[in-house]
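One line per chain: the protein sequences are S and Z, in this order.
Under this note's numbering, the letters of the first sequence match residues 1 to 113, in that order.
Under this note's numbering, the letters of the second sequence match residues 1 to 113, in that order.
There may be inaccurate statements among the hints.
What the hints assert, rightly or not - Only part of the chain Z face toward chain S is listed, based on derived beta-carbon distances under 8 Å:
no. : residue
1   : F34
2   : Y39
3   : P40
4   : L51
5   : T55
6   : L56
7   : I60
8   : G62
9   : K69
10  : T72
11  : S94
12  : E99
13  : L101
14  : G104
15  : K105
Hint data in this document are derived by calculation from the structure and do not stem from the laboratory.
Even for Gly, the Cβ is constructed at its ideal location relative to N, Cα and C.
The lines below spell out each chain.
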Amino acid sequence: SQTIHQWPATLVQPVGSPLSLECTVEGTSNPNLYWYRQAAGRGLQLLFYSVGIGQISSEVPQNLSASRPQDRQFILSSKKLLLSDSGFYLCAWSVGGEGQPQHFGDGTRLSIL
Amino acid sequence: AQSVTQLDSQVPVFEEAPVELRCNYSSSVSVYLFWYVQYPNQGLQLLLKYLSGSTLVKGINGFEAEFNKSQTSFHLRKPSVHISDTAEYFCAVSQGGSEKLVFGKGTKLTVNP
């Protein structure tokens with residue numbers, strides 16, 4: 001069966017520090033991969049999605065970037081964190097094609113001090 | 001652009017009572033509809049999905065939802081809730097031809113003894 005792993009579960013970082021969050025999927029090949037940010041009362045905001053290695057689509061302009069160095073690895077990064085980057089970050093995967101459900105990791109709670 | 005409205009941000013109910021969580025989406029020629037549940041500090045878990053066919057969809061944990069094309073709605077129901085159903089519920093829509101999901105802002109269901 002397929003599984004998705006995200007780490008770390010929680011992270012506290014100072015303003016201006018770099019960020020790297022990692023997500024890996026097991027048990028499937030060539031998945032679509034997604035990064036979301038969740039803010040209280042605002043639902044999920046899609047940040048990036050990828051349909052293949054090296055292929056990244058950015059949904060909103062921001063202080064973050066994403067990379068997909070391997071088929072089942074998706075990384076969310078920042079060179080300098082802002083206070084506004086605080087939130088709950090979720091990674092998800094799906095089989096390619098329309099109408100496919102997405103399957104989520106357990107998320108990373110990021111706090112910026 | 002597709003949008004999703006969850007009409008109630010919070011729904012308190014007593015244990016063993018029925019519940020309905022409402023979801024409306026903006027009109028489109030074809031849509032795929034999903035309900036997810038999120039327990040505190042966890043990722044989202046797929047409850048059920050509507051792709052085509054019967055408008056009544058049954059999911060996990062005794063939940064079901066009905067697709068109503070004329071009213072552009074996809075309300076979630078459970079005839080008798082348990083304390084363990086306390087969680088946040090998200091409705092999501094994917095428009096035909098898209099591999100992305102648009103999420104509502106969520107409904108917090110609280111089941112009281």
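Each hint, compared with the structure:
1. Given hint, F34 of chain Z at the interface with chain S, holds; its Cβ is 6 Å from that chain's nearest Cβ, closer than 8 Å.
2. The restraint placing Y39 of chain Z at the interface with chain S is violated, with a minimum CB-CB distance near 10 Å, outside the 8 Å limit.
3. Violation of the interface hint for P40 of chain Z is found here, the shortest Cβ-Cβ separation to chain S being roughly 11 Å, above the 8 Å cut-off.
4. At about 5 Å, the closest approach between the beta carbon of L51 of chain Z and any beta carbon in chain S falls short of 8 Å, and the interface hint on this residue holds.
5. With 8 Å as the threshold, the beta carbon of T55 of chain Z stays out of range of chain S, its nearest partner Cβ sitting at about 16 Å, so the hint is violated.
6. A hinted interface residue such as L56 of chain Z counts as satisfied when its beta carbon comes closer than 8 Å to some beta carbon of chain S; here the least separation is about 18 Å, so the hint is violated.
7. Residue-level restraint check for I60 of chain Z is violated (minimum Cβ-Cβ distance to chain S is 12 Å; threshold 8 Å).
8. Annotation: G62 of chain Z was flagged as interfacial toward chain S, and the flag is violated, the nearest CB pair being 19 Å apart, outside 8 Å.
9. Here the hint on K69 of chain Z is broken, as its CB sits about 16 Å from the closest CB of chain S, past 8 Å.
10. Because the beta carbon of T72 of chain Z sits about 17 Å from the nearest beta carbon in chain S, more than 8 Å, this interface hint is broken.
11. Below 8 Å, beta-carbon pairs count as interface contacts, and S94 of chain Z has one with chain S at about 6 Å; its hint therefore holds.
12. Residue-level restraint check for E99 of chain Z holds (minimum Cβ-Cβ distance to chain S is 6 Å; threshold 8 Å).
13. Checking L101 of chain Z against chain S by beta carbon gives a least distance of about 6 Å; that is within 8 Å, so the hint holds.
14. A distance limit of 8 Å between C-beta atoms decides the matter here; for G104 of chain Z the minimum to chain S is near 6 Å, and the interface restraint holds.
15. For K105 of chain Z, the interface hint holds, the least distance from its beta-carbon to any beta-carbon of chain S being 4 Å, beneath 8 Å.
The structure does not agree with the numbered hints 2, 3, 5, 6, 7, 8, 9 and 10 stated previously, though it agrees with the rest.
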